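Q: One letter stands for each residue in the lines below.
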Amino acid sequence: MTRLNINQILALVLVIFSVGYLWMAFQIPVFPIPRPIDSDAFPKILGICLLVLSVLLFFEKQPKTENASQQEDVEPVTESSVTGMQNPKVQVLGTAIAILAYAFLIEPLGFLLSSILLGVGLAYWFGYRQHGVNFATVGSIVLILYLLMSKVMGIYLPTGVLPF
Amino acid sequence: MESFTNLMYGFSIALDPINLMYVFIGVFAGTLIGMLPGLGPMSALALMIPITFNLNPATGLILMAGVYYGAIFGGSTSSILLNAPGVAGTVATSFDGYPMAQKGMAGKALAIAAYASFVGGTISIIGLMFIAPLLSKVAVSFGPAEYFALMVLGLTAVVSLSDKSLVKGLIAAIMGMMISIVGMDLQTGTERYTFGSIELLEGINFLVVALGIFALAEVFYMLLSGNKSTPKRNAIGSLKLSMAEVKDMAAPVGRSSVLGFFTGVLPGAGATIGSFLGYSMEKRLAKDGDTFGKGNIKGVAAPESANNAACGGSFVPLLTLGVPGSGTTAVLLGALLVMGVTPGPMMLEQRPDVFWGVIASMYIGNIFLLVLNLPLIPYIAKILDAPRPLLLSLILIFCMVGVYGLSFSSFDLVLLLAFGLIGLVMRLYGFPAAPMILGLILGALMEESMRRALQISGGDWSIFIDKPISLVLLIIAALSLGLPVVKKMIQKARA
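Keeping their order, the protein sequence lines are chains A and B.
Position 19 (the first sequence) corresponds to 19 in the working numbering; numbering is contiguous.
Position 201 (the second sequence) corresponds to 201 in the working numbering; numbering is contiguous.
Which chain B residues stay away from chain A? Per the calculated CB distances, all over 10 Å, these:
1) Y9
2) F24
3) G143
4) L200
5) L337
6) G340
7) R351
8) I490
Now the stretches of chain B that chain A is said to cover, found in silico as 3 or more residues with beta-carbon under 8 Å:
9) 181-191
10) 454-465
According to the in silico footprint, chain A covers these stretches of chain B (three or more CB under 8 Å from chain A):
11) 384-391
12) 400-410
13) 414-428
Think of the hints as simulated: they come from the structure by calculation, not from any bench.
Keep in mind that this is a model prediction, so the values were computed, not measured.
The C-beta atom is built at its ideal place from N, Cα and C for all residues, glycine as well.
Please build the complete structure, drawing on both the sequences and the hints.
A: Now the structure itself:
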């Protein structure tokens, strides 16, 4: 059996997604007053379009140039010799986890503290080792953003553990 | 004469000290962000939207127009100094701009870019001033069927003109529309794709998607490609131009500006195609065409005037029809909707302050670019020397603050991450992001137009082909999708 190329794998994922999407479109309740067109029509059209396009993607021939550009894109990831914390995949994963942590900590810790922690922490994670400059730059920019939003624009930002 | 009076009214708004300050902030911030490789006008606009939250719509749009112009200029700067265009619209600039920089004439190339951008912008604003009111008058007669067809054309044009796969472009556009209908259906109150979540009842905010698939995905991509070192840039040198050089670039700038403007008006074309057309036209017309690509000043002047003129041109469909013709103007439309303004043919009558204020401020933005940004460019360009890890972490902070400041919701931050990862997958496997953002912005409007048209016709779908304008637009949309296929077939036959 021939191995599936990346387009075909993505096409299969999209087929499953579009079938699920269509199934949900058929579950959308009908509006009690009869109307020429209801809330489910547009989602059904979109679901069918995506299904057809996914099938087309599955059978689409990958142009050589596209393959080349994709390989060029993917190569640094797959063939990266960097290991540990500096490995690109680990870097992305760590950043994603940091963003998730920020989402859950912004309210209990407060905007100022959590944003400075995120900014300084990520710059360190990305390999920046001048801690003083890191803290001063991120700290001052976050402070400016905080003052601009809370004092000038009147947007409420959580203060968290800090009194202001 | 009427247009002139209206423009004067626009200037009275744009010259308000507060608005002047925002034009400057917009142009300056746009230049800074646009200069960072990978972050183009779409990311710049999305990052700046949070600043418009509490502004009145005229001021907000004035700021955004400044960001747009600034980002295009900033993109040219990184094209010339680093050969790393921040935006697709300035790729053509790097063909001759970078060789000029390597010869020690980076300052000259930047000055040419600024002057050409100024002329291109000026010509496009004049065009916009005259064409927009005319198109508005025509568009007033458009019904929902015509609007639906127009939006279909806008989407297909953007997909067919992108250099990526047609099928992938269409998939991206459909996905964008799918995101747009999440939430409560405003016509019936029915919940769609909310999975019982209260946070999703009001739908997914476009800023979350825009920042996710542009800015956050770009940061992820940079991390993944391991490209975190600070690139070496060429020294800037003198910004002065000789009279002979000014004479040399005058005709190419004029021609490319007009070409760029009309390219910008067309849905889907925009700055990228405008700049390439301008470049290839001048290469053919020039007596020294063989020196293009080796540091010819016309090779910088032509694409720069064309891309700035195309920016002005792209405002025509946005302001008069309320239909964006490109991903960038789709982000602008999203920003306008956040501010509570729905552009369209009635905008000229209902919100002349916004319409004419923006046109006048675009002009002022161009002057700011020339008078302030050009002398400041050696200093602004220092951002390119900033440590990349620090820059990436600050871009992430801006994304998070922008999203949180809009909704105060941790849930939206999680969504931002999800769209960042989706954007990364799209970027890695050749799915264009612009059709997705256009689909997201147009999806809800398309559904509304479709349903209104079908309500008028009593559910008869032939309304879309019975109306002549709608039929013509749909035929053009179908042709625009068929064009790349035919082009491929011809290429195959030739081979």
